[in-house]
Amino acid sequence: MICVVHAHPYPSRSRTNRVLADALRAVDGVDFRALYDLYPDFDIDAVAEQKAVEQAHVVVWMHPVFWYSVPALMKHWFDKVLAYGWAYGEGGAALHGKHCLWVPTTGGDEPDFTPTGLHAHPFAAYEPSVEQTARFCGMRWEPPYVIHDAIAIDDGALARHVAGLMERLARWRGSRS
Amino acid sequence: MMRDALVYLAAAVVCVPLAKRLGLGSILGYLLAGVAIGPWGLRLVEDVESIMHFSEFGVVLMLFVIGLELEPQRLWGMRGAVFGGGTFQLGLSGAALAVGGVALGMPVTAAIVAGLALALSSTAIAMQTMAERNLVPTPMGRSAFAVLLLQDIAAIPLLAAIPLLAAHAWTGGSPPWQQAGKVLAAVIAVLVIGRYLTRPVLRMVAGSNIREVFTAFALLLVIGIAQLMSLAGISMALGAFLAGVLLAGSEYRHALETDIEPFKGLLLGLFFISVGMGIDFGLLEHTPAVIVLIFAGLIVLKVVTLWVVATVMGVGSAQRWLFAALLAQGGEFAFVVFGVAETAGVLDAQRAGQLTIAVALSMAATPLMLLLHDKLAAWRAGRSQRPDDEIRESGNPVIIAGFGRFGQIVARMLFASGMRAIVLDHDTEQVELLRRFGYKVFYGDATRLDLLRAAGAAEACLLVNAIDDVADSLALTDRVREHFPKLPIIARARNVTHYVELKTRGVDVVERETFESALRTGRHVLENLGVDRFRAREIADAFRRHNLATLEALVPHFRDEARVLSEAKAGREELREFFARDRAQFETEQRKGWKGGS
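First to last, the sequence lines map onto chains A and B.
Everything in the first sequence is counted per the working numbering, starting at 1091 for the first residue and increasing by one.
Everything in the second sequence is counted per the working numbering, starting at 829 for the first residue and increasing by one.
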């Protein structure tokens, strides 16, 4: 079972995320959770979210990168769902051993994420806070699947990304570890 | 009849405010009024006897109200203080006073009756003084209330027992077993009436929505029970008290209390007036030494024994003298007891008269004793620095007026999060239904000042005005603004006019009842048209913000129709522009993202 936690405030306006979301929704054994559709008032049902995550052995965090970080509702999901006594702390072992795959999409391209580029750092420099969130909860951090140029990307490249992501996920589909 | 009413009312209106102004309290005012119009004053009223008889009904009503305030659970929670502390006080003070009576040369039976009667304190004086000084919720106040309560309960068997003490108790009456059977039957009848018959009838009467019929029924209930009891030859007050206790748990408690209260107050006032008229100043003239001796003995013995009682009941050392001063006076029941004892031949007329004067004097002395206590306490506090403040127990912090579709949600949310609230509603069927679901809802018209007081508006920290009727809602707001200006209001508005009316009255928080649900409906429509859920929410948020700002701007000019129209039109235009700008911004951001100008 794969649990995809997806946070995009305006899915119908997105191209990359929409195509990826449609592809993922179609996969058997994927629980696709579109946070901005489920909780437009930020009224996250932490118990329901935890139950969904418990069912899965792979957790995917997929979202556009906003201001070098996760969208507000994704952050709120971290705050509410990854709770003491469940995700960490005393008795908090619900996520131990689960695989965590991060799928960020950015509006920039490869040259933007260089010392002389628009964002001044390689994309990997923005990774640690998300990575450590997963590791702190005892999850196995997988190499992120980063998709750049999400706004201007052409159909061919987008199709290759969908295939690439599917291949990554296929490794865990059917297996329990 | 009309002339007498004129005399009584005029005397009360003149004397009571005057006495209050002089710091003597209303009871002393009534007593003085009685003296002024009675046989020893202006001789305006002759038939003191029958007036006394009629006004005793004030005492009956007072006991009914005391019973109403005594929920069985509350009585149970105070059982130690009431039956332990109260009985101890009655026994100790009664014994000391009886010994004093014997020392004055009274027969033992008479001394016991007089001692017990003098041991009783005035519930009316003590409770009113404590309420004025805000002492009722303090531990000292609770102990005093417990003692007063037991006295009120004990006065009833005491009255019933006096004829048995008299040598000629049963002459001419029915045999004792028949009497006992009548008493038992009457008590069972009161239990059945109070427990099973009254509530359905009250529901029906309240359902008719005619206020005065409800009041009439409340009086009918008390008078009926009192008559039943007097037929059985026992105290009317006991029957009224029982009926009150039986109705204490009902949803009509506050409404009954509110309706009976003015009658109780007036009749009690009349009772005190008749006591004042009944004071035999001839006796004071002939045997001044004896009366002064009885008065001084009463005060000294009672203050000392009450101080001991306060110590045993665990009243803080700083409050013990206050406790004693509050309860030292003789009570209204003493007058009744002396009258009954005189009729039964237990007391001779002269002694009964002397005792009555002494009790009246002790009542008059209460404000002076309290004044003395305050002076002494201030002097002592000046010497030793330990103002050990008693912690006051707070009542229900929130009052919710209206428990319909709207108030219900608010109240249930509060209850679910463990908050306490007192709920008032005037829809009988609704109240019945909600009580079946286990909600503590009181029936009553929340716009009435006395009901608001009874619900604790003076101590509450918040009032939720969820009444659906616009006129009632505004009446409640005015009432609260006038009498409890510090109590914040959160109000439900039926529509924009109502919203503006509430805002102009200074209500801090107003919610239009349909606004939020309409916004949510608008969001659903946008979602169905393919707008992302979060985007729909943002649009609703923007609309809300704009709408509220426009509305706030309208509040000061609401009476000016032309201004309102132009403001509303300008607001609509502004909103259109705002949304156009917002849409353009949104489109650009979505299209260009982080790539800047590219």
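I should point out that these hints are in silico values taken from the structure, not numbers from a laboratory.
Honestly, I wouldn't trust all of these hints.
Covered stretches of chain A, as calculated for chain B (at least 3 residues, CB under 8 Å) [claimed, not checked]:
id	region
1	1170-1183
2	1212-1218
Pulled from the structure, derived: some chain A residues nowhere near chain B, Cβ distances all over 10 Å [to be verified]:
id	residue
3	Met1091
4	Asp1118
5	Arg1123
6	Leu1163
7	Trp1262
Here the structure is a predicted model, which means the values were calculated and not measured.
Don't be surprised by glycine CBs; every beta carbon is placed ideally from N, CA and C.
Evaluation of the provided hints:
no.	hint	in the structure
1	1170-1183	violated (count 0)
2	1212-1218	violated (count 0)
3	Met1091	25 Å, holds
4	Asp1118	26 Å, holds
5	Arg1123	13 Å, holds
6	Leu1163	8 Å, violated
7	Trp1262	30 Å, holds
Hints 1, 2, 6 from the earlier list are contradicted by this structure; the remaining hints agree with it.
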